[in-house]
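Produce the complete structure using the sequences and hints provided.
Listed below are the residues making up each chain.
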Amino acid sequence: MSETPVRVGLFVTCLVDLFRPTVGFAAVKLLEEAGCTVEAPRAQTCCGQPAYNSGDRADTRAIAARVIAAFEPYDYVVAPSGSCAGMIREHYPALFGDDPALQKRAQALAARTYELVSFLTDVRGVSRVAARFDGTITYHDSCSGLRELGVKQQPRKLLAAVEGLRLAELPGAEICCGFGGTFCVKYPAISDKIVSEKTADIAATGADTLLAGDLGCLLNMAGKLQREGRLIAVRHVAEVLAGMTDGAPIGESKTG
Amino acid sequence: MQHATSHNFKNNAQRALGDAQLQRALGHVKKNFVERRAAAAARLPEFEALRDHARDIKNHVLENLDVYLERFESKVVANGGQVHWCEDAEAARQTILRICRSVNAKLVTRGKTMIGEEIDLNDFLEANGITPVETDLGEYIIQLRHEPPSHLIAPAIHLNKEQVAEAFRAAHTDLDPKRALSEAPALLAEARARLRSRFLAADVGITGANFLVAETGSSIIVTNEGNGDLTQTLPKIHIVLASLEKVVPTLEDAATILRVLARSATGQEMSVYTTISTGPRRADDLDGPEQYHVVLLDNGRSRMLGSEFRDALRCIRCGACLNHCPIYHAVGGHAYGWVYSGPIGAVLTPSLLGVEEAGHLPNASTFCGRCESVCPMRIPLPKMMRHWREQEFSRHLSPPAARWALQLWAFVAKRPPLYRLVTGIGARLLKMGGGRAGRLRSLPFAGGWTAHRDMPAPEGRTFQQLWAERGRR
Numbered sequence: 001m002s003e004t005p006v007r008v009g010l011f012v013t014c015l016v017d018l019f020r021p022t023v024g025f026a027a028v029k030l031l032e033e034a035g036c037t038v039e040a041p042r043a044q045t046c047c048g049q050p051a052y053n054s055g056d057r058a059d060t061r062a063i064a065a066r067v068i069a070a071f072e073p074y075d076y077v078v079a080p081s082g083s084c085a086g087m088i089r090e091h092y093p094a095l096f097g098d099d100p101a102l103q104k105r106a107q108a109l110a111a112r113t114y115e116l117v118s119f120l121t122d123v124r125g126v127s128r129v130a131a132r133f134d135g136t137i138t139y140h141d142s143c144s145g146l147r148e149l150g151v152k153q154q155p156r157k158l159l160a161a162v163e164g165l166r167l168a169e170l171p172g173a174e175i176c177c178g179f180g181g182t183f184c185v186k187y188p189a190i191s192d193k194i195v196s197e198k199t200a201d202i203a204a205t206g207a208d209t210l211l212a213g214d215l216g217c218l219l220n221m222a223g224k225l226q227r228e229g230r231l232i233a234v235r236h237v238a239e240v241l242a243g244m245t246d247g248a249p250i251g252e253s254k255t256g
Numbered sequence: 001m002q003h004a005t006s007h008n009f010k011n012n013a014q015r016a017l018g019d020a021q022l023q024r025a026l027g028h029v030k031k032n033f034v035e036r037r038a039a040a041a042a043r044l045p046e047f048e049a050l051r052d053h054a055r056d057i058k059n060h061v062l063e064n065l066d067v068y069l070e071r072f073e074s075k076v077v078a079n080g081g082q083v084h085w086c087e088d089a090e091a092a093r094q095t096i097l098r099i100c101r102s103v104n105a106k107l108v109t110r111g112k113t114m115i116g117e118e119i120d121l122n123d124f125l126e127a128n129g130i131t132p133v134e135t136d137l138g139e140y141i142i143q144l145r146h147e148p149p150s151h152l153i154a155p156a157i158h159l160n161k162e163q164v165a166e167a168f169r170a171a172h173t174d175l176d177p178k179r180a181l182s183e184a185p186a187l188l189a190e191a192r193a194r195l196r197s198r199f200l201a202a203d204v205g206i207t208g209a210n211f212l213v214a215e216t217g218s219s220i221i222v223t224n225e226g227n228g229d230l231t232q233t234l235p236k237i238h239i240v241l242a243s244l245e246k247v248v249p250t251l252e253d254a255a256t257i258l259r260v261l262a263r264s265a266t267g268q269e270m271s272v273y274t275t276i277s278t279g280p281r282r283a284d285d286l287d288g289p290e291q292y293h294v295v296l297l298d299n300g301r302s303r304m305l306g307s308e309f310r311d312a313l314r315c316i317r318c319g320a321c322l323n324h325c326p327i328y329h330a331v332g333g334h335a336y337g338w339v340y341s342g343p344i345g346a347v348l349t350p351s352l353l354g355v356e357e358a359g360h361l362p363n364a365s366t367f368c369g370r371c372e373s374v375c376p377m378r379i380p381l382p383k384m385m386r387h388w389r390e391q392e393f394s395r396h397l398s399p400p401a402a403r404w405a406l407q408l409w410a411f412v413a414k415r416p417p418l419y420r421l422v423t424g425i426g427a428r429l430l431k432m433g434g435g436r437a438g439r440l441r442s443l444p445f446a447g448g449w450t451a452h453r454d455m456p457a458p459e460g461r462t463f464q465q466l467w468a469e470r471g472r473r
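Residue numbers (the working numbering), protein chains in the order written: chain A, 1 to 256; chain B, 1 to 473.
It is worth saying that the hints were derived from the structure and are not from the lab.
Do not take every clue at face value.
[Stated by the list, open to error] So the derived list for chain B, only partly shown, Cβ under 10 Å to chain A, looks like this:
1. Ala410
2. Arg415
3. Gln465
[To be verified] Chain A regions said to be covered by chain B (calculated; three or more residues, Cβ under 8 Å):
4. 42-50
5. 59-73
6. 172-181
7. 184-190
8. 243-251
[Unchecked claim] Within a straight-line C-alpha distance of at most 25 Å, the following computed SDA-like cross-link-like pairs (lysine to any residue) qualify:
9. A:Lys152 / B:Ala39
10. A:Lys186 / B:Gln391
11. A:Lys152 / B:Phe47
12. A:Lys254 / B:Leu466
13. A:Lys152 / B:Arg36
14. B:Lys431 / A:Arg230
15. A:Lys186 / B:Lys383
16. A:Lys152 / B:Ala40
17. B:Lys31 / B:Pro185
18. A:Lys186 / B:Gly354
19. B:Lys31 / A:Leu167
20. A:Lys186 / B:Asn11
21. B:Lys383 / A:Phe96
22. B:Lys383 / A:Val185
23. A:Lys152 / B:Lys31
24. A:Lys186 / B:Asn8
25. B:Lys383 / A:Gly172
26. B:Lys414 / A:Arg112
27. B:Lys414 / A:Ala108
28. A:Lys186 / B:Ala20
29. B:Lys31 / A:Thr205
30. A:Lys186 / B:Glu357
31. B:Lys30 / A:Ala168
32. B:Lys414 / A:Gln103
33. A:Lys186 / B:Leu353
34. A:Lys254 / B:Leu429
35. B:Lys383 / A:Ile68
36. A:Lys186 / B:Gly433
37. B:Lys414 / A:Gln107
38. B:Lys414 / A:Ala58
39. B:Lys414 / A:Arg105
40. A:Lys186 / B:Leu443
Bear in mind the structure is a predicted one, so any value in this text is a computation, not a measurement.
Using N, Cα and C, we set each Cβ at its ideal position, and we do this for glycine too.
So this is what it looks like as structure tokens:
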């Protein structure tokens, strides 16, 4: 890997921060193994998508401006989420059409912002991981990562390097899980219909573990699988790639 | 249909979700249409480049719409036809009525036209003593059932054979009530026999247009049943009813867009019939109408042209966005409450009826982006739905509770120390609530979530707390 270590600002994402810090630590481990020094600026909160997708442009801009300032010192911004990375990369620059100076900074940051797994493979050239996972997994492609950032083969490539892991492909892996941020609470019946079809597809693969790269989708699918009483563990892909699967899966507890 | 129920989307959706027959029908949409489009795109190496080209053609047209519409009109007139510029639905209806009355028309045949649905033409003609007969099989079926189309290109996709047979028995009362109608060929034969006599008896034929060609003054329709040809060549008068963004500069341009249209819609390379009409019958023509009229409808489109919704005017009504939409798959077309459904309906309906009526539609999206990824004209549909949400937000039309929650959240998200405090407390409380199970079965203020699924409990400490404890930056 490269000579001088690259400085990565980890964009933890608010969901990982609140619900599953393990994913953040898994990201740190993977990034450090890939020769990066990692910092997680304390000034970070959220990428602003809840405001952005609710039509609240003023708050979105205010939040985005803070993210830009907090992460400007780093060579790269990496998030364990295609959705949040996609927000910074694909949407931030368009927020500041009337502020050329800030727009320029937004564009510069956007160009250095990546989703974790694709950063590892595409930027750092990682092709092997020191991890073992005994089980059959299936993989859901979260929409933003897939369609905004082209994340599809990258996680499969690294998962193939995990010892003991078998992948059973999920039919309809590219179809939305019905999460959609605030959508799932604004239109719960429709969201439920969509996620129910997803969990049926997941169960039909026969996999014992479901992985994906976005915690929002994972919380949604885990919550539905568990409500249905299906015994399928749910984890973020970074946990498996980092070999950090000792803790309980999402929505379970070691004592439970 | 004038009475849109888009404002009632939630109830419409609820009903659709509980309709077992509809759900079976929707299963075909999400499988067959999707697979056929993917196969057609894969068979054509230049498909993606064609999409770019098609988009560019329409963008050029929208930049120069006045020029091409005037060129189109002058060509139509030179060919012996007439163009009627209609600002709104009422103007279009009155124009069509005037033309029909000029020949004392009693029976009008109709080729498939979404604009006819948009201006509610059938009810209007009937109220004025003129019998309209839809000649596209799907449109004919929903006309008998007095319902709007549930899909752009497959208007009766929500029905099964038994429902069609029921509609035929109720409408065709002169036939033997004991006749067998359980198989599709029997239904087809009955519709064909019924429609054939209407084609021959019609005084006026009304079709839509997939394209209006400026260089020749032609209108182009594509069908798979050939009904459009009979509608426009047999009666004395052919009326083309089209909205103004259908114009393209040349036949070559139309041909380019045709190459992405059928592939995106049904996965066919071409529709079975592509029919070009250029003016009324000429002296040495063997057949054709005596009069050729084009009713050009604006109905809000020129307003869209100057707005952030301009790109939606590139739409060629292929239905690919519906076919790939998880929301459409879940609730079908009627839940959207008006003529246009799916992602394009979520953008167009607020433009045409107002966001007050149709505000639910652009909100009922997960922004999964699959629509945009298959749209042959590369319309940024999620972005436009977001624009509607922005209008709702800035005009204070979104629900007060949601606004309140959003502003509270934004207040916290803009203050990192407060954010860390709140998330720290939240992680602990939710962890406690999850208890030994590691998840919550119900949660105050999150009933929408926990009605259908558990809420996974957090691990208990936030990343930021743990990171700081490790002394890291």
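Verification of the hints:
Annotation: Ala410 (chain B) was flagged as interfacial toward chain A, and the flag holds, the nearest CB pair being 4 Å apart, inside 10 Å. Restraint check, Arg415 (chain B) versus chain A: the minimum CB separation of about 8 Å is within 10 Å; hint holds. At about 8 Å, the closest approach between the beta carbon of Gln465 (chain B) and any beta carbon in chain A falls short of 10 Å, and the interface hint on this residue holds. Residues of the region 42-50 of chain A with a Cβ under 8 Å from some Cβ of chain B number 7, which satisfies the need for three, so the listed coverage holds.
Only when three residues or more bring their CB closer than 8 Å to a CB of chain B does the claim for the region 59-73 of chain A stand; here the count is 4, and the claim holds. Counting residues of the region 172-181 of chain A whose C-beta lies closer than 8 Å to any C-beta of chain B gives 7; at least three are required, and the coverage claim holds. Counting residues of the region 184-190 of chain A whose beta carbon lies closer than 8 Å to any beta carbon of chain B gives 7, which meets the minimum of three for the stated coverage. Closer than 8 Å: that is the beta-carbon criterion, and the region 243-251 of chain A has 4 residues meeting it against chain B, so the requirement of 3 holds.
Proximity of Lys152 (chain A) to Ala39 (chain B) is assessed by CA-CA distance (about 20 Å); at most 25 Å being required, the pair is judged to hold. The suggested pairing of Lys186 (chain A) with Gln391 (chain B) holds, with an alpha-carbon distance near 18 Å, which does not exceed 25 Å. A threshold of 25 Å between alpha carbons decides the hint, and for Lys152 (chain A) with Phe47 (chain B) the separation of about 21 Å falls inside it, so the pair holds. With a CA separation close to 20 Å, the supplied pair Lys254 (chain A) and Leu466 (chain B) stays within the 25 Å bound.
Under the criterion of a C-alpha separation no larger than 25 Å, the hint pairing Lys152 (chain A) with Arg36 (chain B) is consistent with the structure, at around 22 Å. For the given pair, Lys431 (chain B) sits about 22 Å from Arg230 (chain A) by alpha-carbon distance, which is consistent with the 25 Å threshold. This hinted pair checks out: Lys186 (chain A) and Lys383 (chain B) have alpha carbons roughly 19 Å apart, not beyond 25 Å. Between Lys152 (chain A) and Ala40 (chain B), the direct Cα distance comes to roughly 22 Å. Compliance with the 25 Å bound is thereby established for this hinted pair.
A hinted pair counts as satisfied when its Cα atoms are at most 25 Å apart, and Lys31 (chain B) with Pro185 (chain B) qualifies at roughly 23 Å. Pair hint Lys186 (chain A) plus Gly354 (chain B) holds up; C-alpha atoms about 21 Å apart against a cutoff of 25 Å. For the hint pairing Lys31 (chain B) with Leu167 (chain A), the CA-to-CA distance comes to about 24 Å; that is within 25 Å, so the pair holds. Proximity of Lys186 (chain A) to Asn11 (chain B) is assessed by CA-CA distance (about 13 Å); at most 25 Å being required, the pair is judged to hold.
Between Lys383 (chain B) and Phe96 (chain A), the direct Cα distance comes to roughly 16 Å. Compliance with the 25 Å bound is thereby established for this hinted pair. Restraint check: the Cα-Cα separation between Lys383 (chain B) and Val185 (chain A) comes to about 21 Å, which is no more than 25 Å; the hinted pair holds. With a C-alpha separation of about 21 Å, the suggested pairing of Lys152 (chain A) with Lys31 (chain B) holds against the 25 Å cut-off. With a C-alpha separation of about 14 Å, the suggested pairing of Lys186 (chain A) with Asn8 (chain B) holds against the 25 Å cut-off.
For the given pair, Lys383 (chain B) sits about 24 Å from Gly172 (chain A) by alpha-carbon distance, which is consistent with the 25 Å threshold. At roughly 23 Å between alpha-carbon atoms, Lys414 (chain B) and Arg112 (chain A) fall within 25 Å of each other, so this suggested pair holds. Our distance criterion of 25 Å between C-alpha atoms is met by Lys414 (chain B) and Ala108 (chain A), whose separation comes to about 22 Å. The hinted pair formed by Lys186 (chain A) and Ala20 (chain B) meets the criterion: a straight-line CA distance of about 23 Å does not exceed 25 Å.
Distance check on the hinted pair: Lys31 (chain B) and Thr205 (chain A) sit about 18 Å apart at the alpha-carbon level, within 25 Å; holds. For the given pair, Lys186 (chain A) sits about 17 Å from Glu357 (chain B) by alpha-carbon distance, which is consistent with the 25 Å threshold. With a C-alpha separation of about 22 Å, the suggested pairing of Lys30 (chain B) with Ala168 (chain A) holds against the 25 Å cut-off. For the suggested pair Lys414 (chain B) and Gln103 (chain A), the alpha carbons sit about 19 Å apart, so the restraint of at most 25 Å is met.
The suggested pairing of Lys186 (chain A) with Leu353 (chain B) holds, with an alpha-carbon distance near 22 Å, which does not exceed 25 Å. Distance restraint check for Lys254 (chain A) and Leu429 (chain B): the Cα-Cα separation of roughly 18 Å lies within the 25 Å cut-off, and the hinted pair is therefore satisfied. With a C-alpha separation of about 22 Å, the suggested pairing of Lys383 (chain B) with Ile68 (chain A) holds against the 25 Å cut-off. Using a Cα cut-off of 25 Å, the hinted pair Lys186 (chain A) and Gly433 (chain B) holds, with the two alpha carbons roughly 23 Å apart.
Taking the CA atoms of Lys414 (chain B) and Gln107 (chain A), the gap is near 21 Å; set against the 25 Å cutoff, the hint holds. A hinted pair counts as satisfied when its Cα atoms are at most 25 Å apart, and Lys414 (chain B) with Ala58 (chain A) qualifies at roughly 12 Å. Restraint check for Lys414 (chain B) and Arg105 (chain A): satisfied, since their Cα atoms lie roughly 19 Å apart, inside the 25 Å limit. Distance hint between Lys186 (chain A) and Leu443 (chain B) is fulfilled; the C-alpha atoms sit about 16 Å from each other, no more than 25 Å.
Of the numbered hints listed earlier, not one is contradicted by the structure.
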